[in-house]
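Given the coordinates of chain A, work out where chain B should sit on it, guided by the hints.
There are 2 protein chains.
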Amino acid sequence: MNQNNSILIKNVQLNGKSTDIYIEDNIIAEIGKRMEADHTINAEGKVALPGLINTHTHSAMTLLRGYADDLKLDEWLQKKIWPFEARLNEEHVYWGSKLACLEMIKSGTTCFNDMYWHMKGTARAVEEMGIRAVLAEAFIDLFDDEMMENSIKRTEDFIRYVKNLKNSKITPALGPHAVYTVSEDGLKWISEYSRENNLLIHFHLAETKKEIRDCRGRYGKSPVKFLNEIEFLSENLISAHSIWLSESEIRILAEKNVKVSHNPVSNMKLSSGFMPYSLMRKYNLLISLGTDGCASNNNLDMFESMKIAAIGHKLVGNDPRLMTAREIFDIATINGAISLGINAGRICEGRLADLILIDPKRPEFTPGYDLISDLVYAANGYCVDTVICDGSILMENREVRNENEIIEGVKRVVNEIIGK
Amino acid sequence: MNQNNSILIKNVQLNGKSTDIYIEDNIIAEIGKRMEADHTINAEGKVALPGLINTHTHSAMTLLRGYADDLKLDEWLQKKIWPFEARLNEEHVYWGSKLACLEMIKSGTTCFNDMYWHMKGTARAVEEMGIRAVLAEAFIDLFDDEMMENSIKRTEDFIRYVKNLKNSKITPALGPHAVYTVSEDGLKWISEYSRENNLLIHFHLAETKKEIRDCRGRYGKSPVKFLNEIEFLSENLISAHSIWLSESEIRILAEKNVKVSHNPVSNMKLSSGFMPYSLMRKYNLLISLGTDGCASNNNLDMFESMKIAAIGHKLVGNDPRLMTAREIFDIATINGAISLGINAGRICEGRLADLILIDPKRPEFTPGYDLISDLVYAANGYCVDTVICDGSILMENREVRNENEIIEGVKRVVNEIIGK
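So the protein sequences, as listed, match chains A and B.
For the first sequence, our numbering begins at 17 and goes up steadily by one.
For the second sequence, our numbering begins at 17 and goes up steadily by one.
Check the hints yourself; a few may be wrong.
It does not matter which identical chain is used: a pair holds within one copy or between any two.
Distance condition first, Cα-Cα at most 25 Å in a straight line; then the derived BS3-like pairs of lysine-lysine [as the list claims (entries may be wrong)]:
(1) Lys136 to Lys26
(2) Lys377 to Lys33
(3) Lys26 to Lys179
(4) Lys33 to Lys427
(5) Lys136 to Lys182
(6) Lys88 to Lys298
(7) Lys62 to Lys26
(8) Lys62 to Lys33
(9) Lys62 to Lys88
Since the hints were derived computationally from the structure, they do not count as laboratory data.
Here chain A stands alone, though its shape is the one from the complex:
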């Protein structure tokens, strides 16, 4: 990654016009002025866009890409995913996260929201790769007091660890897994801790019908009603999936300013269901986009997720006008930034310099009537040529430092894990 105090992106297309973008330190300082800089990028013919923001993933699950597919959810989790995960340590998670960061950078993502185990490994990977991230240690107690105490300790320890890094690109968050894996006391501790320390909460909510059924069995009410009663719902909550919701529940989420992370590819691959987009829009819920982890997607390409979201809603909602290209592009950029409280998601003066250059001289951008349509419906992450995050160049001409070492490192640790 290139450390410059200032970068000038010359002759780049921005909103249909050719201009220059001047970056000072980590901020987009000026647009349209011709000036000198420590480093100049000749962007003739390229297009500047905000970096994509992935609001739900488990980055180290790149280690599980292709390890198990096409199975029933129970079998998939119990026979394949969980036994594999039980063998993971921080070093493995570090390598899996490095691979995820590499893949995200190569497909134009500059910021992601992650919840997993051994997250110090992820923090280390994120720091080395130069990307921006919100990181949460997974909190699971399985309704057991001792596990809850342990989860609290791991959570507090991880938050301290991240704060000590003093890396402005890494934000700590809380990672309660779901209503079926965290006790009421655990959830209450989380929401109090979130309020006191102003931390985001990264949570799986209403992902499967079974979750709703089980919650009714345990608490006599749906997850949203239960969480509302224990005052868990707040503007700090990023609610991943959010599929099985009634209109009144959506209204509650909107009233509490809960942020939703839509994960269309994972939801399709696992047959989970599809998010009620029209109803959510009716109540002005803030929706962002996630890929989920590589076990259920199996990549981290937000371009692909944009397309599948947009065409998925057209099919499920039986209306080709649902979720336009412009809508999903905003969902994948500015909505993600707002959800994560990051001053990015748009290219304008004063925002963080998290941006990408794409190269539209490709068949899939030809003839080129509508850039946003081509980005969403025709392109994939390979259109990304250059990635800048926090004012540092992470990729130029599709080259990322140490790509081969990362791929080899992952193959090495995977042999360790499955050889055990």
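Below, chain B without anything else, positioned relative to chain A:
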């Protein structure tokens, strides 16, 4: 395109083992033998796969990529697509088809099935690009005798034209558009002509609910029942879309050996519905994969279509075991070959040398547990490194001859068309 009498692909991965593939003229002559050839490809680290076969597209519609999206079907067709198409001539279709061939080659497709207007332009493009294709001039009479006579003339003329090309890679076919655009007499002429000349019929069938409703209005029965009565259904028929079918209709299609082309992306983007895969499998219908044209997809990447098909059926069928990676890979290769009567779709001795090399040294193929899973769920067309069709190299190291000229040519003719 490289014209060699023999090609040796050295040290390539084939079905998990390193071997050599020896191509003589247009045939895979030997696998596993070490020998000399006019041209040697060092394929160390690369994987050989059969070229993908796209069984339903309108290639020249690349000209309409991104021209109109997110609209209601009627508005989309009547206000945008049809007025644009009315301005097209053979030269425009030639350039649109060149772009389509370029895009298909770059994403690993070696053969496609096309129906459109001014198809001599497409034939010319296909010939220059070196790809394999089944081409049909669209037959539409709108229930008007004069239009029918004209369509018959155009069809006969085009078939003569293709036969005179004496290009073994181009097969002429018949292109009746659909049951709502071709009269009963027109359809009867088509099926008789198909039988007499042993020609494939490329047809849209049961794509929308409206088509079924309108057919019941006109003929008092569903399209399949009507077509069965007039003896239109046969093993020569490639039925694109095939969504709105009852079990008894699927049984009829199976009995008549009709081939189905599945077009998941287009069907989602236009909110058409989703093909009843489980029922079709129950009756052993031969299913292949198509992208449809770029107005409704908006690319020609069969890798993307494989993923969207597989995850789409999991969602719609509410079962994550539906349409495995292996199934959709076969659907996109060998099933396409059988459907189009092409001796390709698998890499084995004696088959046509239509094959691709992919480069798995990429994040999305790491760790690499299962190649087919990675191809379907993690990769996209950019993983393709080399494309060989009919024993000629069409792409090596992702380079296709005249790529920039084609992109510029398309931009030029599009300015002509929309400037009119």
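Taking the hints in turn, this is what the structure says about them:
1. Lys136 to Lys26: Intra 38 Å, inter 44 Å, cutoff 25 Å: neither.
2. Lys377 to Lys33: within (16 Å within a copy, 37 Å between copies)
3. Lys26 to Lys179: neither (36 Å within a copy, 53 Å between copies)
4. Lys33 to Lys427: For Lys33 and Lys427, the Cα distance is within 25 Å only across copies (18 Å; inside one copy 44 Å).
5. Lys136 to Lys182: within (14 Å within a copy, 65 Å between copies)
6. Lys88 to Lys298: between (34 Å within a copy, 20 Å between copies)
7. Lys62 to Lys26: Result: close within a single copy only, 10 Å intra versus 38 Å inter.
8. Lys62 to Lys33: The answer is within: 11 Å in one copy meets 25 Å, while 41 Å across copies does not.
9. Lys62 to Lys88: neither (44 Å within a copy, 32 Å between copies)
Checked against the numbered hints above, the structure breaks hints 1, 3 and 9 and satisfies the rest.
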